[in-house]
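A.B. asks: Residue strings, one per chain:
Protein chains: 2
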Amino acid sequence: MRVELYYWPTIQGRGEFVRLLLEEAGADYVDVARAKGGMAAMMRFLGGKEPGALPFAAPFVKVGDAVVSQTANILDFLAPRLGLVPDHETLRAEASQIGLTIADFVGEIHDTHHPIAGSLYYEEQKKEAKRRAPVFLKERMPKYLGWLEDVLARNAASAGRWLVGGDLTYVDLSAFQVVEGLRYAFPNALARLERKIPRLVTLHDRVAERPRIAAYLTSKRRRPFNQEGIFRRYPELDAPAPRRPSRGTRGRRARR
Amino acid sequence: MRVELYYWPTIQGRGEFVRLLLEEAGADYVDVARAKGGMAAMMRFLGGKEPGALPFAAPFVKVGDAVVSQTANILDFLAPRLGLVPDHETLRAEASQIGLTIADFVGEIHDTHHPIAGSLYYEEQKKEAKRRAPVFLKERMPKYLGWLEDVLARNAASAGRWLVGGDLTYVDLSAFQVVEGLRYAFPNALARLERKIPRLVTLHDRVAERPRIAAYLTSKRRRPFNQEGIFRRYPELDAPAPRRPSRGTRGRRARR
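The listed protein sequences derive, respectively, from chains A and B. Our numbering numbers the first residue of the first sequence as 1 and each following residue consecutively. Our numbering numbers the first residue of the second sequence as 1001 and each following residue consecutively.
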């Protein structure tokens, strides 16, 4: 099975969730829009000039004659073919609900810096972002991360190692990516939370160490995070840096 | 197959997309939280006190031992069992991508009145809503509705009558609900657009006339739209009312 992935070439974005699945599976795939003429090919699909289901937006994949879009749907479509979700339909539905909840989380992460409109620059909605981001960091981020932690804790089939069933699935890869992205975007806020989500942090590390993922992360195929994607580092939107004791204080403590 | 639906009892909300599928199918279902003790039962699931997959939020359904959440995932899980999506997996993936795009659309509709936080009252974010809603009405609403119109136009299998394949599927019911909701929330903005989406308007009417849907819409099970749900009518967020010629002008025109 050969997979053509179509996504904006210069960012990780939503396409990265698909790339991680393809990389972990060692799939035969091509990242079309990063090759010559690929952007024009992608725009033909988005413009309705190609047969198959019409994508509303990138990412989408082409597998044989099937054109499949919407990140969570792409993952749900590819994962059974690549052995990255159990065949059992209840477990597959459980993976899908986790994938969709991560997609909602990613949408809210994006909207911290774009609360008014995707078509406006950050600078044009910075004032509103500075109202939205703190509520996100205080209420929503802990709720989503805590929920993932709870899902791990409840999953007896893997003793809390993986989110669904007894082994790694595509949603573990997606959870890894969210932790990576939040460490980039909100390092201070996440640092305060990490001790409350030990299973999720361990899951992140376990994914990062998988041979194919480790190789991918150090390859040129992995684009670095940047200020065009979903995860962006605007220090004014993050929580304050943790207070560090002054040298004098540390000195006194060391003497005790 | 008996379906237990769990959703907030006083609003249509996201649960309505599931209700429409269950009603069209004539399914054996119970709307748990609308019955005595049902809210407490729902909260036990959300609080992690019941077995099965942990829902992040309502709606969710219980079918046998399976607990399934996330609206688009619930629909994708129930529809094959109720004959409301083709068995063919490419068509099922196509329905799913339409369902997910409608879910994104619904999320953006919600955020027109809650651009900062779901936990704040509308009045606390009215200023920001008055920035977000016009961009939504100008850019996003026409894009989503135009995409649904294009999907209909491309669907040769039903000669543009239904979104996927040759017959009605659950996504046609969801598209109906979005048109209903937008007519409630943004009557002026939608009135200007309707002539550009004739296939979608006709689809809406065709769904409304289906005997089980027609019976449901006039039943007490169908709650009216209200100011607690996703679709809310805040006149200050809608486009201006269409200008009507004055009596004098109409008189002059009539005389020509």
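If you're looking for bench data, these hints aren't it; they were derived computationally from the structure. Any given hint could turn out to be false.
Claimed, not checked - Short derived list, chain A residues pointing at chain B, Cβ under 8 Å:
(1) Ala58
(2) Gln70
(3) Thr90
(4) Glu94
(5) His114
(6) Tyr121
(7) Ser158
(8) Arg161
None of the values given here were measured: they were computed from a predicted structure. C-beta: ideal position from N, C-alpha, C; glycine also.
A.B. asks: It remains to establish, for every hint, whether it holds in the given structure.
C.D. replies: Here is how each hint holds up against the structure:
1. Ala58: Since chain B brings no Cβ nearer than about 12 Å to Ala58 of chain A, farther than 8 Å, the hint is violated.
2. Gln70: holds (4 Å)
3. Thr90: Thr90 of chain A check passes; min Cβ-Cβ to chain B is 5 Å, inside 8 Å.
4. Glu94: Interface hint status for Glu94 of chain A: holds (4 Å vs cutoff 8 Å).
5. His114: Status violated, d = 10 Å.
6. Tyr121: Violated, about 13 Å.
7. Ser158: At 14 Å from the nearest chain B Cβ, Ser158 of chain A fails the 8 Å test, so the hint is violated.
8. Arg161: Hint violated; Arg161 of chain A Cβ to chain B Cβ min 17 Å, cut 8 Å.
Checked against the numbered hints above, the structure violates hints 1, 5, 6, 7 and 8; every other hint is satisfied.
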